[in-house]
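Visitor: The chain contents come next:
2 protein chains.
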Amino acid sequence: MKVRVTVMLKEGVLDPQGKAIGHALHTLGFPGVEAVRVGKIIDLDLKSTDAQAARAEAEKMASELLANLVIEDFTVEVLG
Amino acid sequence: MKVRVTVMLKEGVLDPQGKAIGHALHTLGFPGVEAVRVGKIIDLDLKSTDAQAARAEAEKMASELLANLVIEDFTVEVLG
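Respectively, the protein sequence lines represent chains A and B. The first sequence begins at 1 in our numbering and counts up by one. The second sequence begins at 1 in our numbering and counts up by one.
Mixed in with the good hints there might be a few duds.
If several chains are the same, the list does not tell them apart, and a pair holds so long as it fits within one copy or across any two.
Below are the BS3-like pairs computed for lysine-lysine, each with C-alpha atoms no more than 25 Å apart in a straight line [said to hold, decoys possible]:
(1) K60 - K40
(2) K2 - K60
(3) K47 - K19
(4) K2 - K19
(5) K40 - K2
(6) K10 - K40
(7) K47 - K10
(8) K2 - K47
(9) K47 - K60
(10) K60 - K19
(11) K40 - K19
No lab work stands behind these hints, which were simulated from the structure alone.
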């Protein structure tokens with residue numbers, strides 16, 4: 001199964017990379033940008049052929065390893 | 001409008017970061033991982049209140065600045 005884990009900084013956590021991109025976009029001719037937040041995608045190919053098992057496995061990986069739950073939230077989406 | 005730009009390496013482009021994560025997951029007790037690909041999310045808050053205009057603006061930003069089209073593909077999704 002293909003599973004997509006999306007990791008974003010929690011609301012309220014400062015995102016200097018997003019700030020830098022926002023600033024660059026302003027400078028480079030996009031004044032309509034109000035805020036930018038940056039996140040990560042981790043696409044996993046799992047051996048498991050069961051959607052529920054794949055989701056559970058990906059959630060375990062995300063909470064234990066892929067996301068830092070102090071400052072980040074994650075979502076898991078089974079792509080099929 | 002909130003718009004999400006997703007940037008992934010094109011098929012066939014080597015992804016050393018994904019390989020490293022895959023290796024780490026194996027080592028750390030997840031043998032069911034066959035492949036890992038890593039990507040970026042850029043969430044934009046745009047002043048524009050028109051979904052179509054916001055999408056067009058985000059596509060311009062992505063193709064000009066946020067993605068390197070030689071090695072990366074992007075998708076744009078209007079979140080509302």
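Visitor: The structure should be examined with respect to each hint, and the outcome stated for every one.
Guide: Tested hints:
no.: 1; hint: K60 - K40; result: both (17 Å within a copy, 21 Å between copies)
no.: 2; hint: K2 - K60; result: within (15 Å within a copy, 29 Å between copies)
no.: 3; hint: K47 - K19; result: between (38 Å within a copy, 16 Å between copies)
no.: 4; hint: K2 - K19; result: between (32 Å within a copy, 16 Å between copies)
no.: 5; hint: K40 - K2; result: both (16 Å within a copy, 17 Å between copies)
no.: 6; hint: K10 - K40; result: both (13 Å within a copy, 16 Å between copies)
no.: 7; hint: K47 - K10; result: between (30 Å within a copy, 22 Å between copies)
no.: 8; hint: K2 - K47; result: within (9 Å within a copy, 35 Å between copies)
no.: 9; hint: K47 - K60; result: within (15 Å within a copy, 38 Å between copies)
no.: 10; hint: K60 - K19; result: between (31 Å within a copy, 19 Å between copies)
no.: 11; hint: K40 - K19; result: both (16 Å within a copy, 15 Å between copies)
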